[in-house]
Amino acid sequence: MLQPIADKIKKARSIGAKSLNLRLDVKNEHDELGQMGLAFNEMLDRIEKAFVTQQQFIRNASHEMRTPLAAITAEADLALLKERESDQYRKSLASIRQRSENLNQLTHKLLAMSRLESESLLPQPCAADEALLSAVKSVKTTYPEGGQLISLNIEAPSALDLQVICDPAMLETAYLNLIENAVKYGNEKEVQVRLFNEVGMVCLEVVDKGDGIAEQEMEHLFKPFYRSIQQHGQRGSGIGLSLVKSKAEKYGGEVRIWSQAGVGSRVQFDLPAMLFEKIT
Numbered sequence: 278m279l280q281p282i283a284d285k286i287k288k289a290r291s292i293g294a295k296s297l298n299l300r301l302d303v304k305n306e307h308d309e310l311g312q313m314g315l316a317f318n319e320m321l322d323r324i325e326k327a328f329v330t331q332q333q334f335i336r337n338a339s340h341e342m343r344t345p346l347a348a349i350t351a352e353a354d355l356a357l358l359k360e361r362e363s364d365q366y367r368k369s370l371a372s373i374r375q376r377s378e379n380l381n382q383l384t385h386k387l388l389a390m391s392r393l394e395s396e397s398l399l400p401q402p403c404a405a406d407e408a409l410l411s412a413v414k415s416v417k418t419t420y421p422e423g424g425q426l427i428s429l430n431i432e433a434p435s436a437l438d439l440q441v442i443c444d445p446a447m448l449e450t451a452y453l454n455l456i457e458n459a460v461k462y463g464n465e466k467e468v469q470v471r472l473f474n475e476v477g478m479v480c481l482e483v484v485d486k487g488d489g490i491a492e493q494e495m496e497h498l499f500k501p502f503y504r505s506i507q508q509h510g511q512r513g514s515g516i517g518l519s520l521v522k523s524k525a526e527k528y529g530g531e532v533r534i535w536s537q538a539g540v541g542s543r544v545q546f547d548l549p550a551m552l553f554e555k556i557t
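Going by this note's numbering, 438 is the number at position 161 of the sequence shown; the sequence numbering is gapless.
The hints are simulated quantities; they were obtained by calculation from the structure and are not laboratory data.
Watch out, some of these pointers could steer you wrong.
Derived PhoX-like pairs: lysine-lysine, alpha-carbon spacing no greater than 25 angstroms straight-line [to be verified]:
#1 Lys486 - Lys417
#2 Lys417 - Lys466
#3 Lys500 - Lys486
#4 Lys461 - Lys368
#5 Lys359 - Lys417
#6 Lys304 - Lys285
#7 Lys527 - Lys486
#8 Lys326 - Lys287
#9 Lys414 - Lys359
#10 Lys500 - Lys326
#11 Lys414 - Lys304
#12 Lys295 - Lys359
#13 Lys527 - Lys500
#14 Lys287 - Lys304
#15 Lys414 - Lys368
#16 Lys417 - Lys461
#17 Lys295 - Lys285
#18 Lys466 - Lys486
#19 Lys368 - Lys326
#20 Lys359 - Lys326
#21 Lys527 - Lys326
#22 Lys304 - Lys288
Pairwise CB distance ranges, derived in the manner of DEER restraints [unchecked claim]:
#23 Arg533 - Lys287: 44 to 52 angstroms
#24 Thr384 - Ser363: 24 to 32 angstroms
#25 Lys287 - Met342: 37 to 45 angstroms
Nothing here was measured: the structure is a model prediction, and the numbers come from that model.
In this text, a Cβ means the ideal position worked out from N, Cα and C, and glycines have one as well.
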């Protein structure tokens, strides 16, 4: 009578990191033993998916980090190859400084993704308008000329209507990524940024008049490390939109993109608004 259980235990003990494709045999899905086997197999499906995702993430992250490191090494080797004028050394140091900054930004984004996947973030009341103003200020500091193209509009009866539950730093980073993308790829045209309420949600809308995104690329935009055609040659890691999507979903929201080649793009980032009891 106990032999089927013993067989399942033996099979379960044989499953490891290199054999996550194995599953327990289920002869009768309707009895308790069969239900136990199905539940165990479902758990293995989740573990295998997470394991494959983690492996892919590590490979992609290693590749992305190797590129700026190789550039830094090559620039330093070239500078040390022979004696040069002081201006040439300055150019080499500036190039190394820029590559190092790119690597630093990538590291911050990788750590942010790691924090999102963990349970270390404590959701708390957060003022979306304050996070937005801080994000816009950061973009204007990084892109002085592009920052002047930002048209900002905050629409709400009161500040309470723009309260959400999330990690404040994560919300500011999400807003920063979306606005920064619009400024970088907006063809030096006006970028419209609007914060408003819509059916119990606090919504950020960012509209640019850049080249837009090709239809065949839309389904790939939220994949980690994916970079669209117009992004090639631009500095960046390709994980910004993936990170924004993860942040939205973690706090019960969503992010959507509409784009037309040659016209521009519109991105909307939504989070549930906090509910306040009305005082009568």
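Here is how each hint holds up against the structure:
1. Lys486 - Lys417: With a Cα-Cα distance of about 18 angstroms, the restraint between Lys486 and Lys417 holds, given a limit of 25 angstroms.
2. Lys417 - Lys466: Within the cut-off at roughly 15 angstroms; holds.
3. Lys500 - Lys486: Holds. Lys500 to Lys486 sits at ~23 angstroms (cutoff 25 angstroms).
4. Lys461 - Lys368: Judged against 25 angstroms, a Cα distance of about 23 angstroms means the pair holds.
5. Lys359 - Lys417: 39 angstroms, violated
6. Lys304 - Lys285: Given pair Lys304, Lys285 holds - Cα atoms ~12 angstroms apart, limit 25 angstroms.
7. Lys527 - Lys486: 30 angstroms, violated
8. Lys326 - Lys287: With Cα atoms ~23 angstroms apart, Lys326 and Lys287 stay inside 25 angstroms; holds.
9. Lys414 - Lys359: The hint is violated at about 43 angstroms.
10. Lys500 - Lys326: 15 angstroms, holds
11. Lys414 - Lys304: 62 angstroms, violated
12. Lys295 - Lys359: 50 angstroms, violated
13. Lys527 - Lys500: 16 angstroms, holds
14. Lys287 - Lys304: Status holds; Cα separation ~16 angstroms.
15. Lys414 - Lys368: Given pair Lys414, Lys368 is violated - Cα atoms ~29 angstroms apart, limit 25 angstroms.
16. Lys417 - Lys461: Roughly 12 angstroms separates the two Cα atoms, so the pair holds.
17. Lys295 - Lys285: 19 angstroms, holds
18. Lys466 - Lys486: At roughly 6 angstroms apart (the allowed maximum being 25 angstroms), Lys486 and Lys466 satisfy the hint.
19. Lys368 - Lys326: Distance of about 46 angstroms is beyond 25 angstroms: violated.
20. Lys359 - Lys326: 51 angstroms, violated
21. Lys527 - Lys326: 19 angstroms, holds
22. Lys304 - Lys288: Between Lys304 and Lys288 the Cα gap is close to 14 angstroms, so the pair holds against 25 angstroms.
23. Arg533 - Lys287: 44 to 52 angstroms: Given about 49 angstroms between the Cβ atoms, the range holds.
24. Thr384 - Ser363: 24 to 32 angstroms: 31 angstroms, holds
25. Lys287 - Met342: 37 to 45 angstroms: 42 angstroms, holds
Violated hints for the displayed structure, listed by number in ascending order: 5, 7, 9, 11, 12, 15, 19 and 20.
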